Amino acid sequence: MREQDIQNSIRLALNPYAIIFRGNVGKVRLPDGRYFDTGLPKGFPDLFGFRKSDGKMIFLEVKTDKGRLREKQAHFLDTMSQYPVIHGVARSDEEAIRIVLEG
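Residue 387 is where the sequence shown starts when you use the numbering used here, and the numbers rise one by one after that.
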């Protein structure tokens with residue numbers, strides 16, 4: 387299963403528990419040849435939002451079974467561990483639900 391498919395599945399599975407957004411990013415080439423990066427900073431997780439029960443922020447990096455965190459992704463999640471937010475790496479619906487409910 388592709389990472390994008392896992393993200394969509396997780397978003398649906400978390401609907402009873404959380405409001406979740408997908409961070410969209412991209413690069414646009416300007417008429418003068420320069421590139422403009424849109425969206426979020428490098429390393430920002432794929433999914434973010436808040437838990438419905440208490441408003442606690444959620445940051446989820448989504449990976450396939452064999453996917454590995456890039457350095458900036460690991461740094462972002464490590465930084466979040468210093469704050470009272472829910473964060474983690476989810477490879478399935480079940481794992482995402484566990485992270486959100488236990489966080």
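Everything labelled a hint here was simulated from the structure, so no lab data went into it. The structure presented is a predicted model; accordingly, all values stated were derived computationally and were not measured. The C-beta atom is built at its ideal place from N, Cα and C for all residues, glycine as well. A few of these clues could be false.
Claimed, not checked - No farther apart than 16 angstroms at their CA atoms in a straight line, the calculated lysine to aspartate or glutamate pairs in the EDC-like style are these:
#1 Lys438 with Glu488
#2 Lys442 with Glu480
#3 Lys428 with Asp451
To be verified - Okay, the calculated beta carbon distance ranges per label pair:
#4 Arg408 with Glu488: 39 to 47 angstroms
#5 Gly489 with Asn394: 16 to 24 angstroms
#6 Arg484 with Gly441: 17 to 25 angstroms
Hint by hint, here is what the structure shows:
A distance of roughly 14 angstroms separates the Cα atoms of lysine 438 and glutamate 488; the hinted pair therefore holds under the 16 angstroms criterion. Using a Cα cut-off of 16 angstroms, the hinted pair lysine 442 and glutamate 480 is violated, with the two alpha carbons roughly 19 angstroms apart. Distance check on the hinted pair: lysine 428 and aspartate 451 sit about 22 angstroms apart at the alpha-carbon level, beyond 16 angstroms; violated. The beta-carbon spacing between arginine 408 and glutamate 488, approximately 22 angstroms, falls outside the hinted interval of 39 to 47 angstroms.
A hinted range of 16 to 24 angstroms for the beta carbons of glycine 489 and asparagine 394 is consistent with their spacing of about 21 angstroms. A hinted range of 17 to 25 angstroms holds for the C-beta pair arginine 484 and glycine 441, which are about 20 angstroms apart.
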